[in-house]
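One-letter residues, chain by chain:
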Amino acid sequence: MIAPLIEMLHGAGYELLQLPCPETAFTGVSRWWFVYEQYDSVNYRRHCARIARAVSKLVKPYSENGYDIVLLGLGISPSCGVRMRQTNKQWRGRPFDVSDGLRSKPVAACGSRSWRGPSREKALDTGSWTCLPC
Amino acid sequence: MKDLRQRKMVVVSGDRLGSDLVKGYVDEGFGVAQIPDLKELSGNSADYYLSLIADQVQEFIKDGQQVVVLKDKEDRWCRRFLSKLRRRGLAAEVKSVSE
Numbered sequence: 015m016i017a018p019l020i021e022m023l024h025g026a027g028y029e030l031l032q033l034p035c036p037e038t039a040f041t042g043v044s045r046w047w048f049v050y051e052q053y054d055s056v057n058y059r060r061h062c063a064r065i066a067r068a069v070s071k072l073v074k075p076y077s078e079n080g081y082d083i084v085l086l087g088l089g090i091s092p093s094c095g096v097r098m099r100q101t102n103k104q105w106r107g108r109p110f111d112v113s114d115g116l117r118s119k120p121v122a123a124c125g126s127r128s129w130r131g132p133s134r135e136k137a138l139d140t141g142s143w144t145c146l147p148c
Numbered sequence: 047m048k049d050l051r052q053r054k055m056v057v058v059s060g061d062r063l064g065s066d067l068v069k070g071y072v073d074e075g076f077g078v079a080q081i082p083d084l085k086e087l088s089g090n091s092a093d094y095y096l097s098l099i100a101d102q103v104q105e106f107i108k109d110g111q112q113v114v115v116l117k118d119k120e121d122r123w124c125r126r127f128l129s130k131l132r133r134r135g136l137a138a139e140v141k142s143v144s145e
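Sequences listed follow chains A and B, in order. The opening residue of the first sequence carries number 15 in this note's numbering; numbering runs sequentially from there. The opening residue of the second sequence carries number 47 in this note's numbering; numbering runs sequentially from there.
It is possible that part of the hints are untrue.
[As the list claims (entries may be wrong)] DSS-like cross-link-like pairs, simulated, lysine-lysine; straight-line CA separation at most 25 Å:
1) Lys130/B <-> Lys117/B
2) Lys130/B <-> Lys85/B
3) Lys54/B <-> Lys117/B
4) Lys130/B <-> Lys141/B
5) Lys69/B <-> Lys54/B
6) Lys117/B <-> Lys141/B
7) Lys74/A <-> Lys85/B
8) Lys54/B <-> Lys108/B
9) Lys119/A <-> Lys108/B
10) Lys130/B <-> Lys108/B
11) Lys85/B <-> Lys71/A
12) Lys130/B <-> Lys71/A
[What the hints assert, rightly or not] What the simulated footprint calls covered on chain A by chain B, stretch by stretch (three residues with Cβ under 8 Å from a Cβ of chain B suffice, anywhere in the stretch; the number is not a length):
13) 22-34
14) 39-46
15) 69-83
Keep in mind the hints are simulated off the structure, nothing from the lab. Just so you know, these numbers come straight off a predicted model, no measurement behind them. Beta carbons are placed, not taken as given, at the ideal position from N, Cα and C, and that holds for glycine.
Please work from the sequences and hints to get the whole structure.
So this is what it looks like as structure tokens:
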């Protein structure tokens, strides 16, 4: 939130409803340089639609009572931009080779359950399973 | 590219957004997250909305950032939000609005 903007709006008699950040809730704070196409997935659309439904329920009573409602948003954002959004169908991430910076670690959860049963299908049915390396 | 995101977050009840207390946090470089008055929502929707805010707080904490929740005993949504954080085992710093 931008403090001078909040002060100005309060001074003009506006109440504020902060909209949740769909990107933070979906991908966390360590996301980097996403573009519209990367967010544009079925699950992300579902996530945004659910937020929009909840927010509209909060706003509706004010609208019905004649309040002046103004939506403030970022000028540019991959999925929340009011005027512009970053877009590139070929974009895959940071603009350099990341292979040197990545480290592999064992995944603890995989070893915590043992493989039991005669077949993979049965093991999956019983919830007792382990991951095999590809 | 300079990362402009704030590295500290304060969570407040909706009607305290413009208070001097919150302004003080903003001056110290805190980002602000609001717990709005959710009385217009059904139980499930209100719970979902609080979860959404808790999701963001969880991501901030996971990232090692300082999160302060300004506890307002009179605000039931704030109380419910705090119990949600507790159930998730999230270590946010809780301060009373009267402090």
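Pairwise hint evaluation, Lys54/B against Lys69/B, where the allowed Cα distance is 25 Å at most: 14 Å, holds
Pair hint Lys85/B and Lys71/A, alpha-carbon separation not exceeding 25 Å: Cα-Cα ~10 Å, so holds.
Restraint check for Lys130/B with Lys85/B, where alpha carbons must lie at most 25 Å apart: Roughly 17 Å between the alpha carbons, so the hint for Lys130/B and Lys85/B holds.
Pair hint Lys74/A and Lys85/B, alpha-carbon separation not exceeding 25 Å: At roughly 12 Å apart (the allowed maximum being 25 Å), Lys85/B and Lys74/A satisfy the hint.
25 Å Cα cutoff - pair Lys130/B, Lys141/B: Measuring from Cα to Cα gives roughly 16 Å; hence the hint holds.
Outcome, coverage hint (the region 69-83 of chain A, chain B; C-beta under 8 Å; three residues): holds (count 4)
Holds or violated: Lys130/B to Lys108/B, with C-alpha atoms at most 25 Å apart: With a Cα-Cα distance of about 16 Å, the restraint between Lys130/B and Lys108/B holds, given a limit of 25 Å.
Straight-line alpha-carbon gap Lys54/B to Lys108/B, limit 25 Å: Cα-Cα ~12 Å, so holds.
Within 8 Å of chain B (C-beta), three or more residues of the region 22-34 of chain A: Per the Cβ count (6), the hint holds.
Distance restraint between Lys117/B and Lys141/B, which requires alpha-carbon spacing of 25 Å or less: 6 Å, holds
25 Å Cα cutoff - pair Lys119/A, Lys108/B: 18 Å, holds
25 Å Cα cutoff - pair Lys130/B, Lys71/A: 22 Å, holds
Checked against the numbered hints above, the structure breaks none of them.
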